[in-house]
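Asks: Numbers 1 to 756, taken from the UniProt record's numbering, label the letters of the sequence shown in order.
Everything labelled a hint here was simulated from the structure, so no lab data went into it. None of the hints are false.
Straight-line distance between alpha carbons at most 30 Å, and here's what the computed DSS-like set of lysine-lysine pairs gives: (1) 334 x 488; (2) 91 x 488; (3) 463 x 395; (4) 534 x 501; (5) 20 x 264.
It should be emphasised that the depicted structure is a prediction, and the values quoted were computed from it without experimental measurement.
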Amino acid sequence: MSHKHIDIDKVMSELTLEEKISLVGGKDFWCTRDIPRLGVPSAMMCDGPTGLRKSLNMDQVDSGSVPATCFPTAVVLASTWNRAMVEKVGKAIGKECRAENVSLLLAPGNNIKRSPLCGRNFEYYSEDPYAAGQLAGAYVKGVQSEGVGTSLKHYCANNQETNRFSVNEQIDERTLREIYLAAFESIVKEAQPWSIMACYNRVNNEYVVSSRHMLTDVLRGEFGFKGFVVSDWGAVDDRANALHAGMDLEMPSTYGVTDAQLKKRAGEGKLDLEQLDVCARRILEFVNRAAETLSRGAPKWDVDAHHGLAREAAAEGIVLLKNEHAVLPLHASKKIAVIGEFAEKPRYQGGGSSFVNATKASGALEELKKLVPTLQYAAGYATGATKHDEALRAKAVEVAAGCDAAVVFIGLSDADESEGFDRAHMRLPEHHNALVEAVAAANKHTVVVLTNASAVEMPWASKVQAIVEAYLPGQAGGLAVADVLMGKVNPSGKLSESFPKRLEDTSAYLSFPGTVTTTTYSDGVYVGYRCYDKRRMDVLFPFGHGLSYTTFEYSAPRVAKAAYVDNEAVHAEVTVTNTGKMAGSEVVQLYVRDVLSSIDRPAKELKGFEKVHLAPGESKTVKFTLDRRAFAYYDVARKDWVVEEGDFELLFGSSSRDVRGAVHVKVSPAVPPPPRHFNKNSMIGDVCSYPPTASMAKKLCRDFTGSPMQPSFIHMFQEMERMLPIRSKVAFSAGSFTFDDVEALVEEANRLSNSK
Numbered sequence: 001m002s003h004k005h006i007d008i009d010k011v012m013s014e015l016t017l018e019e020k021i022s023l024v025g026g027k028d029f030w031c032t033r034d035i036p037r038l039g040v041p042s043a044m045m046c047d048g049p050t051g052l053r054k055s056l057n058m059d060q061v062d063s064g065s066v067p068a069t070c071f072p073t074a075v076v077l078a079s080t081w082n083r084a085m086v087e088k089v090g091k092a093i094g095k096e097c098r099a100e101n102v103s104l105l106l107a108p109g110n111n112i113k114r115s116p117l118c119g120r121n122f123e124y125y126s127e128d129p130y131a132a133g134q135l136a137g138a139y140v141k142g143v144q145s146e147g148v149g150t151s152l153k154h155y156c157a158n159n160q161e162t163n164r165f166s167v168n169e170q171i172d173e174r175t176l177r178e179i180y181l182a183a184f185e186s187i188v189k190e191a192q193p194w195s196i197m198a199c200y201n202r203v204n205n206e207y208v209v210s211s212r213h214m215l216t217d218v219l220r221g222e223f224g225f226k227g228f229v230v231s232d233w234g235a236v237d238d239r240a241n242a243l244h245a246g247m248d249l250e251m252p253s254t255y256g257v258t259d260a261q262l263k264k265r266a267g268e269g270k271l272d273l274e275q276l277d278v279c280a281r282r283i284l285e286f287v288n289r290a291a292e293t294l295s296r297g298a299p300k301w302d303v304d305a306h307h308g309l310a311r312e313a314a315a316e317g318i319v320l321l322k323n324e325h326a327v328l329p330l331h332a333s334k335k336i337a338v339i340g341e342f343a344e345k346p347r348y349q350g351g352g353s354s355f356v357n358a359t360k361a362s363g364a365l366e367e368l369k370k371l372v373p374t375l376q377y378a379a380g381y382a383t384g385a386t387k388h389d390e391a392l393r394a395k396a397v398e399v400a401a402g403c404d405a406a407v408v409f410i411g412l413s414d415a416d417e418s419e420g421f422d423r424a425h426m427r428l429p430e431h432h433n434a435l436v437e438a439v440a441a442a443n444k445h446t447v448v449v450l451t452n453a454s455a456v457e458m459p460w461a462s463k464v465q466a467i468v469e470a471y472l473p474g475q476a477g478g479l480a481v482a483d484v485l486m487g488k489v490n491p492s493g494k495l496s497e498s499f500p501k502r503l504e505d506t507s508a509y510l511s512f513p514g515t516v517t518t519t520t521y522s523d524g525v526y527v528g529y530r531c532y533d534k535r536r537m538d539v540l541f542p543f544g545h546g547l548s549y550t551t552f553e554y555s556a557p558r559v560a561k562a563a564y565v566d567n568e569a570v571h572a573e574v575t576v577t578n579t580g581k582m583a584g585s586e587v588v589q590l591y592v593r594d595v596l597s598s599i600d601r602p603a604k605e606l607k608g609f610e611k612v613h614l615a616p617g618e619s620k621t622v623k624f625t626l627d628r629r630a631f632a633y634y635d636v637a638r639k640d641w642v643v644e645e646g647d648f649e650l651l652f653g654s655s656s657r658d659v660r661g662a663v664h665v666k667v668s669p670a671v672p673p674p675p676r677h678f679n680k681n682s683m684i685g686d687v688c689s690y691p692p693t694a695s696m697a698k699k700l701c702r703d704f705t706g707s708p709m710q711p712s713f714i715h716m717f718q719e720m721e722r723m724l725p726i727r728s729k730v731a732f733s734a735g736s737f738t739f740d741d742v743e744a745l746v747e748e749a750n751r752l753s754n755s756k
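Work out the full structure: start from the sequences and follow the hints.
Replies: So this is what it looks like as structure tokens:
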């Protein structure tokens with residue numbers, strides 16, 4: 001294969017119509033088309049959010065794949081809250097791609113976790129767009145630092161597996177901008193992925209692959225995307241429409257079927273030939289970037305070193321949810337029972353297109369046996385079983401009762417959660433729950449280790465002393481779990497998603513997954529912790545939660561000054577001290593609250609985080625810089641991000657529910673908002689509450705001074721009056737008000753508004 005740089009202008013001038021059409025479709029399942037007569041090579045792309053999945057057969061998706069490191073899944077990487085660690089993993093995956101001459105990795109997945117039920121949540125980073133954008137963006141930077149491109153997916157709102165190939169997602173514009181597009185926007189602006197993968201689903205009645213608004217106006221025009229757009233495999237509904245929309249590459253190959261469609265449209269004068277040139281050029285630009293990397297040769301990579309990195313990343317992403325009486329870390333001198341077949345036969349990755357042919361696989365049991373000479377093991381259940389085995393459970397209880405502590409490994413199987421389908425509930429298998437209950441009754445020092453892709457219900461949570469969320473931690477996950485349990489690693493993971501108490505508490509409960517054709521995002525911007533905070537609802541474990549074997553104290557936070565204009569950076573800081581006896585890392589989280597907003601906004605939103613490592617007794621000052629967007633909301637009428645003048649509270653904490661300190665700042669818009677325009681249907685209350693027109697209150701509102709009515713009735717009438725349109729003055733003035741008077745009031749209101 002040639003790895004020479006091509007002269008794109010020269011090639012474009014010599015391409016035939018048929019060759020241009022061939023460039024915007026795949027050669028096979030994984031490669032772009034080559035054009036030998038012009039020296040245009042093919043470039044290969046492969047799956048791999050958790051590691052490279054290079055198929056053994058270029059024309060099949062299920063032909064097996066080359067061995068590669070199976071790193072922790074995205075949910076674990078996100079739980080590290082460590083940009084540097086995620087970038088390091090991305091760089092290692094990029095190196096493995098280069099070794100196999102792979103030029104584009106179809107990753108990362110960055111859809112928002114709208115519901116815990118989504119079968120693909122293990123591939124996604126967070127319920128919060130800021131966290132998702134920062135951490136998935138670090139992955140992009142890591143992979144691309146090796147000269148291998150990423151394809152950020154699935155743009156946009158591919159938040160469920162049910163009917164994902166055609167479902168019509170109905171999302172209001174503000175929600176789309178603030179939640180579902182924001183995570184993609186920040187990565188495009190900060191990391192510039194080589195490619196964006198357009199999703200299967202529709203958004204607001206239009207397939208995204210055929211939406212010029214989504215692919216060209218928003219993605220390129222507003223976000224500044226410079227790369228190429230590839231379809232999800234088989235997502236294109238109309239090839240000519242998709243081309244016009246700015247969808248550059250259809251995958252996989254249709255072996256001439258859609259090429260013929262495009263050629264026919266061209267012959268009829270119905271094909272956008274200028275856009276065809278644009279798309280073909282983008283593919284050639286990708287091929288040139290790929291050739292530049294391939295010309296450097298295939299590097300060697302160290303299997304053991306990458307396994308070690310997978311172990312390190314997994315350990316940092318494990319979340320200690322509960323640790324009563326400091327039952328963890330365990331002591332090797334004690335008699336420890338390990339219960340549950342997941343300890344011996346780990347489930348460490350998700351099912352579907354991300355499945356990696358791991359170079360190694362390490363279970364926790366094997367490592368724990370090396371560390372604890374007196375360890376006793378009982379299976380407790382058989383993996384894949386759907387009901388309990390009384391003999392296995394009885395043996396587990398017997399073993400647990402005779403030990404100082406019992407560690408129970410439970411969770412979900414591939415049959416419970418995977419790409420291709422959504423969960424029907426948040427429950428763990430009943431025989432797993434029953435096993436925990438039985439072991440906890442036999443040994444008060446019971447620890448539960450969870451294997452799962454997303455939030456689960458835990459009916460036994462109050463009956464065990466410790467809960468460790470391991471998620472799907474990759475091929476070295478068993479080693480990482482042992483490291484955390486035994487204290488070789490001090491846990492520092494934090495949840496990047498909320499754990500509700502019940503499925504019924506989730507924001508999307510009434511609308512997920514919707515009907516066969518449509519899903520309505522009726523929860524609006526209130527996804528995850530935004531919902532639970534607004535409803536002041538208790539959760540099992542909050543967003544951002546995660547314990548340590550040490551303790552941290554926060555100083556009072558500080559800001560550089562008390563008032564800012566919104567085009568200035570807001571500088572804030574807080575000092576964190578390790579007050580325990582063990583070195584550890586703390587994730588300092590910064591949330592912003594609009595103290596008094598004219599629109600409905602979340603109680604607080606994550607706008608910054610930093611992870612800091614501290615020795616016992618050590619203190620470090622953690623600094624944050626907030627830009628305008630940290631204080632803004634999306635104004636649909638103005639089609640822009642708006643900062644309202646007023647007070648904002650900066651909340652510093654260890655989780656969304658563990659706020660350690662707060663400080664206020666006043667933020668004012670650098671550019672005054674445009675004047676409001678009033679008409680006869682404008683509400684009286686809007687006119688009276690708007691500062692430039694507030695002086696009209698006496699003309700618009702009835703004076704109840706000296707009224708014989710009871711105070712409660714006066715209050716009722718005052719509140720009702722605020723909601724009346726200005727024109728209603730005619731109906732409620734006993735003939736003293738005319739429509740000419742209404743027109744005069746409207747003119748006066750607009751004059752005052754424009755003169756502010």
